[in-house]
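Each chain is listed here by its residues.
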Amino acid sequence: DTGVSQDPRHKITKRGQNVTFRCDPISEHNRLYWYRQTLGQGPEFLTYFQNEAQLEKSRLLSDRFSAERPKGSFSTLEIQRTEQGDSAMYLCAETGERGGPDTQYFGPGTRLTVL
Amino acid sequence: QKEVEQNSGPLSVPEGAIASLNCTYSDRGSQSFFWYRQYSGKSPELIMSIYSNGDKEDGRFTAQLNKASQYVSLLIRDSQPSDSATYLCAVKDNFNKFYFGSGTKLNVKP
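Chains S and Y are the protein sequences, given in the same order. The working numbering applies: residue 1 is where the first sequence begins, and numbers increase by one. The working numbering applies: residue 1001 is where the second sequence begins, and numbers increase by one.
So that you can see chain Y by itself, here it is in the shape it has in the complex:
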């Protein structure tokens, strides 16, 4: 059974701080990794994708991938109250199936 693990939180950070979200996965053959944001009652919205080891930056968001440790993280700089949501980590296997973690709830306090 391929698994994606996330700390459910909630993770609380003050406005302007850096939020750090973590994810581990079990399938060593996975090649594609994604972070989604999901507001309550809404569908997941893609934030970042990352395919190779290292960091990938997009605005206030940085995704980090370490395949050897089977670890993916998302950093959100200058956190805003509008960033308060559940963040889902997703992994694609070699058979085009996607596995999602249960999500980490982030609260950014004004």
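Chain S extracted, bound-state conformation:
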């Protein structure tokens, strides 16, 4: 257990619905990343925050996706008007100094299924 938590662990939704995921890191001061992982692939970068500032956003992140990190603590990832292609594992990772520079610690993930 890395100490990074995500909620919910599983989400099943119908196409067209909105969903929101939450990530709680250990520290408010570390960088926080969101990734998407599909079967047989490695995690794919979506966005990251330093404190409350969103510093980078993947071109893969359409305007249906939005992420926030209010007050530099927990973060949320919202997907609007979900599509079947959004079905994936959504991973949150915290980067800090625990294991050395830039080491990432992943939460357990939220598995999204869009019907």
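Check before you lean on any hint, since a few could be wrong.
Unchecked claim - To give an idea of the interface, some chain Y residues facing chain S are shown, with a C-beta separation under 7 angstroms as derived from the structure:
1. S1032
2. S1043
3. G1101
If you are wondering where the hints come from, they were derived from the structure by calculation, not from laboratory data. Glycine included, every Cβ here is placed at the ideal spot set by N, Cα and C.
With the hints as your guide, set chain Y onto chain S.
For chain Y alone, kept in the frame of chain S given last:
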């Protein structure tokens, strides 16, 4: 497009053997390199990080980095069935973005 390439496997080795996993990356400016282990249905778990050319050993694991060849490898000595998992190579660029390979599936046979 920055890429990280891994052989998807599966790589099968007998228990007690050495497993060798390889990774190449495209961004010559990358400075930080990582190996993660991922069990089916679980999230990635950090095994090793390496930042400079050469070898880095941690228990049964040795990471090797050759920046000139843009090549990173992971050796697992005395492989155990519990090492059976997918191993992900990751590279950090100069903009704090991480790029992951698609992973190599390792099977260690008792």
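Evaluated hints:
Taken as an interface hint, S1032(Y) checks out: its beta carbon lies about 5 angstroms from the nearest beta carbon of chain S, inside 7 angstroms. For S1043(Y), the suggested interface contact is upheld, since its CB lies about 4 angstroms from the closest CB of chain S, less than 7 angstroms. Proximity of G1101(Y) to chain S holds as hinted, the smallest CB-CB distance being about 5 angstroms (cut-off 7 angstroms).
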